[in-house]
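Chains as they are written, first to last, in the numbering used here: chain R, 1 to 267; chain X, 1 to 189; chain H, 1 to 678.
Honestly, the hints are just simulated from the structure, not real lab data. Be aware that a few hints might be false.
Said to hold, decoys possible - Here's a subset of chain R near chain X, in silico, CB distances under 7 Å, partners left out:
id : residue
1  : Asn99
2  : Glu100
3  : Ser106
4  : Pro123
5  : Tyr168
Claimed, not checked - No farther apart than 25 Å at their CA atoms in a straight line, the calculated lysine-lysine pairs in the DSS-like style are these:
id : chain 1 : residue 1 : chain 2 : residue 2
6  : H       : Lys38     : R       : Lys57
7  : H       : Lys311    : H       : Lys233
8  : X       : Lys138    : H       : Lys45
9  : H       : Lys311    : X       : Lys138
As the list claims (entries may be wrong) - Rough simulated footprint, nothing fancy, chain X against chain H, three-plus residues with beta-carbon under 8 Å:
id : region
10 : 3-14
11 : 21-35
Quantities reported herein were computed from a predicted structural model and do not represent experimental measurements. Glycine included, each C-beta is placed from N, C-alpha and C at the ideal position.
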Amino acid sequence: MSTFQDFPIRWGMVIDIDKCTGCGACVVACNKENNIAPQENQLQRIAGKGFPTRFKKIEWLTIYELTDGSDTAYLPRPCMQCGMPSCVSVCPAIATDKNENGGIVSQIYPRCFGCRYCMASCPYHARVFNWDQPVWPEGMEKQLTPHTSVRSRGVVEKCSFCHHRLMYAKDAARVAGEDPEKLPDGAYVPACGEVCPTGAITFGDVKNPEHAVYELVRSPYTFRLLERLGTDPQVYYMSKRAWVRLQGDNYLANEEAQAGEGGAHHG
Amino acid sequence: MPFFIGFVAILLVGWWWFPRVLFSVEQQPLRFSHLVHVDDAGMACEDCHYLNEDGSFSGLPSTESCAECHTEAMGEDPEEQRFIDEYVNEGKEVPWLIYQDQPDNVFFSHAAHAAQDCTTCHPDVGGSDTPPLHYRNKLTDYSNGGYRIVFGRGVGVDPAYSRGTMKMWECERCHAENGQSNACYVCHR
Amino acid sequence: MNRRTFLSFAAGAGAGLMITPIPWKLTDDISIWTQNWKWNPKVPKRNVFFAEMASKLDPAGTGVRVALVDGVPVGLASSQDHPLSGGGVSALAAAEVGLLMSPARVRQPLVRTEAGLAPISWSDAEALLAEKLGRAEGDVAMISGDDTGTANEVFAALMHRLSGSFYMMPGEAQSAHKALEKLGGEGHLAYDIEGADYVLLLGADALESSGTAVRNARAFSQSHPSGQPATAKYVYAGPVLNNTAVVCDQWIQARPGAAASVALGLAHALMERGATARANGLDAFRRDVAANYSPARIERETGVRADTLRKLAAELAAAKRPLVIAGSEFGQGAGARALMAALGLNAMLGRINVAGGVKIVPEAPAVVQGAGSAASRYSADLVPFLKKLAEGKASAGVLMVYDANPAYALPQAELMAQAVRRAGFTVSFSSFMDETAELADLVLPSSMALERYDDVYTPYGAGQAVYSLNRPLARPAFDTRATADVLLSVARRLDIDLGYLAFKDVLRAKAEALGADWKALGRGAVWTSAATTELVPDLSAAAAPAPRAQGEGLLALAPVAKHNLGSAKVALPPLCAATVRGSDLMVQMNAKTARQSGVAEGQAVRLSGPGGEMTARVHITEKVMTGVVAAPLGFGHTAWDEYSRGLGDNAYKVLAAADDPETGLSVWSDTRVNIATA
Numbered sequence: 001m002s003t004f005q006d007f008p009i010r011w012g013m014v015i016d017i018d019k020c021t022g023c024g025a026c027v028v029a030c031n032k033e034n035n036i037a038p039q040e041n042q043l044q045r046i047a048g049k050g051f052p053t054r055f056k057k058i059e060w061l062t063i064y065e066l067t068d069g070s071d072t073a074y075l076p077r078p079c080m081q082c083g084m085p086s087c088v089s090v091c092p093a094i095a096t097d098k099n100e101n102g103g104i105v106s107q108i109y110p111r112c113f114g115c116r117y118c119m120a121s122c123p124y125h126a127r128v129f130n131w132d133q134p135v136w137p138e139g140m141e142k143q144l145t146p147h148t149s150v151r152s153r154g155v156v157e158k159c160s161f162c163h164h165r166l167m168y169a170k171d172a173a174r175v176a177g178e179d180p181e182k183l184p185d186g187a188y189v190p191a192c193g194e195v196c197p198t199g200a201i202t203f204g205d206v207k208n209p210e211h212a213v214y215e216l217v218r219s220p221y222t223f224r225l226l227e228r229l230g231t232d233p234q235v236y237y238m239s240k241r242a243w244v245r246l247q248g249d250n251y252l253a254n255e256e257a258q259a260g261e262g263g264a265h266h267g
Numbered sequence: 001m002p003f004f005i006g007f008v009a010i011l012l013v014g015w016w017w018f019p020r021v022l023f024s025v026e027q028q029p030l031r032f033s034h035l036v037h038v039d040d041a042g043m044a045c046e047d048c049h050y051l052n053e054d055g056s057f058s059g060l061p062s063t064e065s066c067a068e069c070h071t072e073a074m075g076e077d078p079e080e081q082r083f084i085d086e087y088v089n090e091g092k093e094v095p096w097l098i099y100q101d102q103p104d105n106v107f108f109s110h111a112a113h114a115a116q117d118c119t120t121c122h123p124d125v126g127g128s129d130t131p132p133l134h135y136r137n138k139l140t141d142y143s144n145g146g147y148r149i150v151f152g153r154g155v156g157v158d159p160a161y162s163r164g165t166m167k168m169w170e171c172e173r174c175h176a177e178n179g180q181s182n183a184c185y186v187c188h189r
Numbered sequence: 001m002n003r004r005t006f007l008s009f010a011a012g013a014g015a016g017l018m019i020t021p022i023p024w025k026l027t028d029d030i031s032i033w034t035q036n037w038k039w040n041p042k043v044p045k046r047n048v049f050f051a052e053m054a055s056k057l058d059p060a061g062t063g064v065r066v067a068l069v070d071g072v073p074v075g076l077a078s079s080q081d082h083p084l085s086g087g088g089v090s091a092l093a094a095a096e097v098g099l100l101m102s103p104a105r106v107r108q109p110l111v112r113t114e115a116g117l118a119p120i121s122w123s124d125a126e127a128l129l130a131e132k133l134g135r136a137e138g139d140v141a142m143i144s145g146d147d148t149g150t151a152n153e154v155f156a157a158l159m160h161r162l163s164g165s166f167y168m169m170p171g172e173a174q175s176a177h178k179a180l181e182k183l184g185g186e187g188h189l190a191y192d193i194e195g196a197d198y199v200l201l202l203g204a205d206a207l208e209s210s211g212t213a214v215r216n217a218r219a220f221s222q223s224h225p226s227g228q229p230a231t232a233k234y235v236y237a238g239p240v241l242n243n244t245a246v247v248c249d250q251w252i253q254a255r256p257g258a259a260a261s262v263a264l265g266l267a268h269a270l271m272e273r274g275a276t277a278r279a280n281g282l283d284a285f286r287r288d289v290a291a292n293y294s295p296a297r298i299e300r301e302t303g304v305r306a307d308t309l310r311k312l313a314a315e316l317a318a319a320k321r322p323l324v325i326a327g328s329e330f331g332q333g334a335g336a337r338a339l340m341a342a343l344g345l346n347a348m349l350g351r352i353n354v355a356g357g358v359k360i361v362p363e364a365p366a367v368v369q370g371a372g373s374a375a376s377r378y379s380a381d382l383v384p385f386l387k388k389l390a391e392g393k394a395s396a397g398v399l400m401v402y403d404a405n406p407a408y409a410l411p412q413a414e415l416m417a418q419a420v421r422r423a424g425f426t427v428s429f430s431s432f433m434d435e436t437a438e439l440a441d442l443v444l445p446s447s448m449a450l451e452r453y454d455d456v457y458t459p460y461g462a463g464q465a466v467y468s469l470n471r472p473l474a475r476p477a478f479d480t481r482a483t484a485d486v487l488l489s490v491a492r493r494l495d496i497d498l499g500y501l502a503f504k505d506v507l508r509a510k511a512e513a514l515g516a517d518w519k520a521l522g523r524g525a526v527w528t529s530a531a532t533t534e535l536v537p538d539l540s541a542a543a544a545p546a547p548r549a550q551g552e553g554l555l556a557l558a559p560v561a562k563h564n565l566g567s568a569k570v571a572l573p574p575l576c577a578a579t580v581r582g583s584d585l586m587v588q589m590n591a592k593t594a595r596q597s598g599v600a601e602g603q604a605v606r607l608s609g610p611g612g613e614m615t616a617r618v619h620i621t622e623k624v625m626t627g628v629v630a631a632p633l634g635f636g637h638t639a640w641d642e643y644s645r646g647l648g649d650n651a652y653k654v655l656a657a658a659d660d661p662e663t664g665l666s667v668w669s670d671t672r673v674n675i676a677t678a
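Looking at chain R on its own, in the form it has when it is part of the complex (with noise of 0.2 Å):
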């Protein structure tokens, strides 16, 4: 398996699940901000038998519920970004490829073929497949934003963590005459973690100690999603419930004691 270069800057999401209310909103706004067609029919998408919805549904942030028989807890699931991508080694195409700073896994469009493989690697379901061709409502195709072109149906999409924003948060840094590639905290966060009203999601370079996100991804309280893959995802969760960050990873038995008591990660 190839290696993947270790980049200055680190994007990196934490996404503080106690603070999650599940409302939603950073979906939608995800939707609107990256032009994913809304979708009808969704009750036939979902009580059809066949494919199960997440093969069909077009979102490239998914809001998970967790359960541990009592409590409850939501979590919202972007592309994890991994530092070692499993869908870049297996793309036939390069059409999904680790290559810039920052970490961002970009994906092509137009050089995407569909064939998927990349789907079936992602062990995070990160990856939708556009099965139809999108279509809008009359008119409101007028309505798209200039941020991310339309996908055409037989291709595979995902969140880019509002790339689009970093290009325009480096810009604004080069009029004002400052380094584009030192941006300040908050200069560039993707739609979700904007309009969060709970303020679950932080963003920021968690390799830049200015930022935020430098010391949250250091708490004790934060973990990663199926971290012993050795996928070392850019997107990282707090919580300081224990069994929310059991549920983080597949443990055996008789390490759970041990992984629920959390501990310092970082990638």
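Starting from the known structure of chain R, arrange chains X and H on it as the hints suggest.
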């Protein structure tokens, strides 16, 4: 002899007929004269084409900003009167044709290329009285930048006059030559 | 030409072809063509401009920044400076931009003909409405669902001049006005949640659907820094671990509609500790509390254990700046009692008009002659009126409905739809083809907030007086008009002078009366004022016995309102369609309740309550307390569009309102249902 006839015929078809079929020719919706604005009115390029504070680029002035001067005709030109009647008074934007229009999946930053000369990529229209014709590839919607020739870059014509929609290899070559990253997301979205 | 000549010709052409651009250029172009399918919608290239707007769809009045490209609203961003958003955006406000082109929008005025609704011109429609109103003078009614707009003054003044009646859609604002009135006050109930160090939410879904939810969520966020100890404690008491309870520091299980009882039980426990209050009518209050709200009785009636209640009371007493917010779990039907009781409890804690407490914000000065005060506009109770109308015991020659969907979002929804049908001539001013508009005789579509002048004054629960102005950011997408302007014009046709020619002038007068800078408001600035109205509450009626639960069923029904699924006004917006989870459509109960009721996961069941029936599948989750069945609101739409229609069933149908003559506001927050497999 038939071999020669076939050879010449296909050359004619390929070099004369094919480009005419492949490209549609359009004139800009208004005969905008850079000459009048630069020479007569003494305007600078940056008065209309400038970087915004947020880093975005105002390439084409909006009708609103044109109307700062052109609420009423300032000269005798019927085109100016037409602009005022059809766009200023109607509150509509002019559907200018863009010679360097890139497809939706390309993110181009003017701020990042501010150090470059504009005419590296754009035709030097600053002194033109009539905008160049817009040749649109019917298959790709790419522009050929005011020249009919099929391969994009001008052969035997003023190169500055033939700048069309740039291909990826051209972007990549310049990035490589200047030590810039060619990572996918540097240009794509 | 022989075969040899032809082959020779073809060979020449083939050789020549290789040195023409045809094969090479075509190969290249075809590959580009396949990468940019022309039938994909193109995204705009122009620069994005932002303009401030206050959401009218979100009852929280959230301020958002609308992203515009060439005058077309394409997206939104958060408004850091707006006091009611503080950088957050609710799912509903986030979807508002996308609703502009919703397939459910009414595209031009419509009039009922024999063949159904048919287009009509605005001038004909106005003339028709003027004629109908003129003929039905004295027998007209109007319903408004806009809790924050000055437009209500125009409507109420017109009703006043026509000797008609004016109703507000029931909601938290009405409960608050009624509760304050009963305690001898007037104004807006405001909660300084940012300043509180202990927030007790009794039923009120304060981080999702109640009050200024986005602002509340920001306050919660500030007091709960990630990875650090919290600086305030949030406690939620209610039947369902809803979006608010899931992040609160503690969830106390309490049956639906128990807010008033729990508040008074806490007052009882505080009185045991010797607490008193600066209030009138204290003796009656003490007597009622002592007689009816002992912790043991609260435990029996609400499911909140007596020791939990006493512990809560001790925590409240120990907190420096406690705040109690009460309400219905789904923002409707709480009547006045929950808020009266909570005000009494806050008074006992000394938390009225202090930092981090309940504030009484003065009403904005009325600017339209004959509109009356806000309290007077909220005084009439809509549900009994519609019930009588449906039963033929009341009449309405003309019934006008603005920004509300009474045929769907009221208890006994089917009966309410019947009332709309029974009215002589129903006019809907909805922007969308909702259930009420489908029944209307005349549909005069309102422009959306993005397309019209409008305002937002201090939504229920805002921490201070807040005023923001909306101006049209985009041209109306369809042939729609602002309703206030339409009715000003209709009034002129009736020779009624309301003092203004255009609604914009009303708003300008409002801004002036408040002392706000019109120009700054127009740029998106928000006017705020920390002024409060003195209140020494009269608690003599605050603990009077409340009406009993509606229905005879074995289970308590807990309707759940989630704003990503729509609200009482709007059905599931297209942009939110993807957020619907399978379990959202199901009625939920815990394993014990399911066992007792004899139902299993995924089973189809029928809930029958005092108002009617609904069917749904069962989802078993420990998010619901024992003895309670939770039902989602916002589904079962029969109108609207393909995104919302035909999804689930309407839980409003099951509810029924109980009269509460003493407060004059009916109650439907405590409903009992039976469950049977369907």
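Looking back at the hints listed earlier, which ones does the structure fail to meet?
4 and 9
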